[in-house]
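Trainee: Each chain is listed here by its residues.
Number of protein chains: 4
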Amino acid sequence: MSTAEPCYDVAHLGHVELLTNKPQASLDFFVNVFGLTESGREGDSVYLRAFDDYEFHTLKLTASNTTGMRHVGYRCASPQALARRVAAIEQLGAGIGWSDGDLGHGPAYQFRDPDDHIFEVYYDTRRYEPPTAERPSLKNQAQRFHGRGVATRRLDHFNLLATDVGAIRDFLPQALGSRVTEQIVLDTGAVGGCWFTTNNKSYDVAYTRDSTGTRGRFHHVTYAVDQREHVLQAADIFLENNVFIETGPHKHAIQQTFFLYVWEPAGNRIEVANAGARLILAPDWQPVTWTEQERKRGQAWGLKTIESFHTHGTPPVG
Amino acid sequence: MSTAEPCYDVAHLGHVELLTNKPQASLDFFVNVFGLTESGREGDSVYLRAFDDYEFHTLKLTASNTTGMRHVGYRCASPQALARRVAAIEQLGAGIGWSDGDLGHGPAYQFRDPDDHIFEVYYDTRRYEPPTAERPSLKNQAQRFHGRGVATRRLDHFNLLATDVGAIRDFLPQALGSRVTEQIVLDTGAVGGCWFTTNNKSYDVAYTRDSTGTRGRFHHVTYAVDQREHVLQAADIFLENNVFIETGPHKHAIQQTFFLYVWEPAGNRIEVANAGARLILAPDWQPVTWTEQERKRGQAWGLKTIESFHTHGTPPVG
Amino acid sequence: MSTAEPCYDVAHLGHVELLTNKPQASLDFFVNVFGLTESGREGDSVYLRAFDDYEFHTLKLTASNTTGMRHVGYRCASPQALARRVAAIEQLGAGIGWSDGDLGHGPAYQFRDPDDHIFEVYYDTRRYEPPTAERPSLKNQAQRFHGRGVATRRLDHFNLLATDVGAIRDFLPQALGSRVTEQIVLDTGAVGGCWFTTNNKSYDVAYTRDSTGTRGRFHHVTYAVDQREHVLQAADIFLENNVFIETGPHKHAIQQTFFLYVWEPAGNRIEVANAGARLILAPDWQPVTWTEQERKRGQAWGLKTIESFHTHGTPPVG
Amino acid sequence: MSTAEPCYDVAHLGHVELLTNKPQASLDFFVNVFGLTESGREGDSVYLRAFDDYEFHTLKLTASNTTGMRHVGYRCASPQALARRVAAIEQLGAGIGWSDGDLGHGPAYQFRDPDDHIFEVYYDTRRYEPPTAERPSLKNQAQRFHGRGVATRRLDHFNLLATDVGAIRDFLPQALGSRVTEQIVLDTGAVGGCWFTTNNKSYDVAYTRDSTGTRGRFHHVTYAVDQREHVLQAADIFLENNVFIETGPHKHAIQQTFFLYVWEPAGNRIEVANAGARLILAPDWQPVTWTEQERKRGQAWGLKTIESFHTHGTPPVG
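Residue numbers (our numbering), protein chains in the order written: chain A, 16 to 333; chain B, 16 to 333; chain C, 16 to 333; chain D, 16 to 333.
Careful, some of the hints might be misleading.
Treat identical chains as interchangeable: a pair holds within one or across any two.
List time: in silico DSS-like cross-link candidates among lysine-lysine, alpha-carbon distance up to 25 Å [said to hold, decoys possible]:
hint, residue 1, residue 2
1, Lys154, Lys311
2, Lys319, Lys154
3, Lys37, Lys154
None of these hints come from the bench; they were simulated from the model.
Between the sequences and the hints, there should be enough to build the whole structure, so can you do that?
Mentor: What follows is the structure, given as structure tokens:
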């Protein structure tokens, strides 16, 4: 009997497009408090990235009359890998079609997940070229460490809400070649949450159940800092800048990430996190399954999961 | 013109076999000071691993009349990937042949690098099964965090000396599908050092030039801790246990790793390190090249590289 | 008008005597998990200290049929200062009288606070003399950094419950020369909590209101670690050793201490904390007063104070 | 035989006045890179402080044609304590006389140490009153945590060079009531270095021998950060801002401080440090004496003391 080989067609999460109905306040948050750097603007959007993100942007912040995520982009490992993913997605009947790309990347193929979130896959990208004032002292870094605000290092992962997480668990491995690393299986047998990765990070996307039954909502996007102590400092920076801290800092039981959740001014949930030296190196990692009973113990050190974590998503529900 | 696809056949560095002519003292160091856990013994060897290494062993410590590295093992991503690597290595004329495996893994194909270090590739492995007393509280971890000594999380990388690093730079990408992430190119055009990876870690092996002109020597092996503060604590633990600290803690300019180097009792160099949130996610990462002039600036924050770092390897030279 | 001079008669908190009705389990916790070192035994008591406590003991653990604190000792700055304190306490009518001392110190004068907790003041003390195996590498440290368990550095402070915190606020400055650094004043005008210090630490004792109306109860005792990251590591160590984590890690709004609270096996609450570089250096520091409204915001980063923190004390109430 | 009581007349180090012959560059360094906040200007001086310094200023930066320290100020514990210190200093014949004070404090009595450094003692001070934009979220903090540059918390200590450190060791305890906590005694019996404190910090001033035989020179001034990790971050900030890093980060054997030394643009040496939870609480602490032999081991983890640390002082020697 032959073993299916793991799929490495998708290299990494590339960018998230967030909608904001408070564009000036959101931009001020992301640049001056969260510490991203603007690399361009076009139309209603500002393109932002963390100091060691190698691409032109990892966050596209778009003014809108609502909030939430408009789309997410994944970068493939090669043109050939992109072609294979497009073929697989078309076979799933989930495809939308090709777009010409964006300020930060070339042609992208868009598709819908079973909960109607918009994804795209692309290969051609635009590397960030630091202007003189932003050139790093160490040439193996994309931009100087500017130390402004939280000054996160790079985009880490994002989290979506879905009405049927089980359907997502079937879909993403086929569409992106993602592997399931951890999951919550409820007493009913339904999937309560699912964590996926396309590379050695232990997850690049998580889905959790939308208790309101609404489709297509966004839970949070996460940037990584180098040390847990930087998460603690971030908490002080948020405190001093009147940013609403929802929960944390604490350590997740699932994935063991050290986390801190805040809401940016428009209400989108944003996370600062550190995963320590934890990576998924095993090519045949077996998904870790958590029961309802186990989840009742709360986070790693006993913090109870805050109620709004189960209810607040963007856009808000009528 | 077609672009060659990146190769993901090799999943990760699996284990290093170190030789020691002071087996009891070395074992005491690795277990009680460095904080590895013994998982088995056979013949002259003790099998050890860090608390979150998922395999049976990542360090095989073998009593000998000398020191240095006997062999290193890499785990492939699938049986098919292993077959492809064996074919590639045979084509390079570097192959030694198949072994039956070891306590910790199944059949392995052995080969020589151009400097006569012994490598092996394998797929079938034995997962660490914690005895009751070592079961973790969080089921996504291989073993409980025991907190004994330095208590490193996992094997990270190793470093070999070579008489001709340029030959290695040609060889490893063909043999293992490794990518070069950083290198030192001397004013003569010779390669002074080269860092390679097979996955998202920024390197799993480094080669540096053996100034003594001896072949097959070992420079160091490295285990990762979760935070830079743990490297600082490790320094205090080494200090209190009379372990020779060669240099550090400090931050490398190359790869930006926060490092600490010590010599275990038999003289093999061992590193404790933390890389923060830095990963190589770009599938088309371009090697960063450092010149002699740039290297003269020392490490990231100005520490001059200690002389013994260029001369001390194991086994010692005549 | 003359200004009263600040009083420096009391040098520092010396030791706390805790009662346990699970003496073996408590001792195992304090030595193997919390990382204190035993320096002696007498009768039903074991004498313990952290690795950089300079005195023979800072925790006296006494087997009993109940829990809570039997007494607390403060060391005076000189024999003359001790004499002044005894005179002041006698004038307050709070004195019990002289004891011959204990394994770890010489003659002590005992007294009661208004809530019937037993205090003592002393000057003559016994310095910890490390046996050979515990000698530190750096001679400015009391004992080697052994790295066992949480391995706290030194005793920091303790916290008592009182039925009338306002009475304590009047008493301690007169008895010990303590200064009030922070306090909670309820809307009724009653004192809800009060933090005192005799030196540059921002507090060495805190009192909070016993909502059960019981006298003489104990809330917690705290040992300091060097870094906030060590508090996070402590949480993992407690988790792996099945120690009940009540709340934290988080940062207090009051005093800004980074905290973690657990219950040792007999139920006494124990804290691990780090105060960063914060000290009270001003000789005329004005007490910071928090209102009920301000306390409703929770801890520094928004964590709500856990209910048991207001109700659980030792010994338990009927 | 009576025991002399410890003296608590001096509460803490108050401020240092530094001279700079590159006033704009120095000011830019202290405000934008080092992260101090300006609280006022007068004549050729700018008054600066760290975010949790409670006084109006802790650093007075004065434009000059040279570098080094013009004077240092210590705050007494009370008016009575100030009077006692003045009397003691006059008796030593070291007094210069009263000044009217400065922007940041009231009348001060000035005197010379045996190496002709200018000191002053004062009691009346001006507390920092944060403007609206600088008000902290936690009212027990002097100013908001602004996160600008290194963002040190508070002034910690300073270090002077002296031609005869033994004379200083005799003088400071009599003048300020300082206690010697650690010292280096050379094989000749001469004092090579001496560390003094007036409170629970393990030192507020250090003197080391001026190998050039010049009187009145300055070695460095130090501000404290809350965590060792913040010292590491400071190193990156200095690196990115082209600040010369002389040595560190590393841990001192003497006093165990985690240190990082840089030179501000005019050449004055500045330190960022963290002492962990280490305090001198014992009222009868016995000085720790280090021999020449012991000092040859280098810093705590083996780093050799850099040559310029023994030779560079300000002003430079012709």
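Trainee: State for each hint whether it applies.
Mentor: We went through each hint and held it up to the structure:
1. In this homomeric assembly, Lys154 and Lys311 come within 25 Å of each other (Cα to Cα) only across copies, at 15 Å, whereas the closest approach inside a single copy is 46 Å.
2. Taking CA atoms no more than 25 Å apart as the test, Lys319 paired with Lys154 passes between copies only; the shortest distance there is 18 Å, against 43 Å inside one copy.
3. In the homo-oligomer, the alpha carbons of Lys37 and Lys154 never lie at most 25 Å apart, since the shortest distance is 36 Å inside one protomer and 30 Å across protomers.
Of the hints listed earlier, the one the structure fails to meet is number 3.
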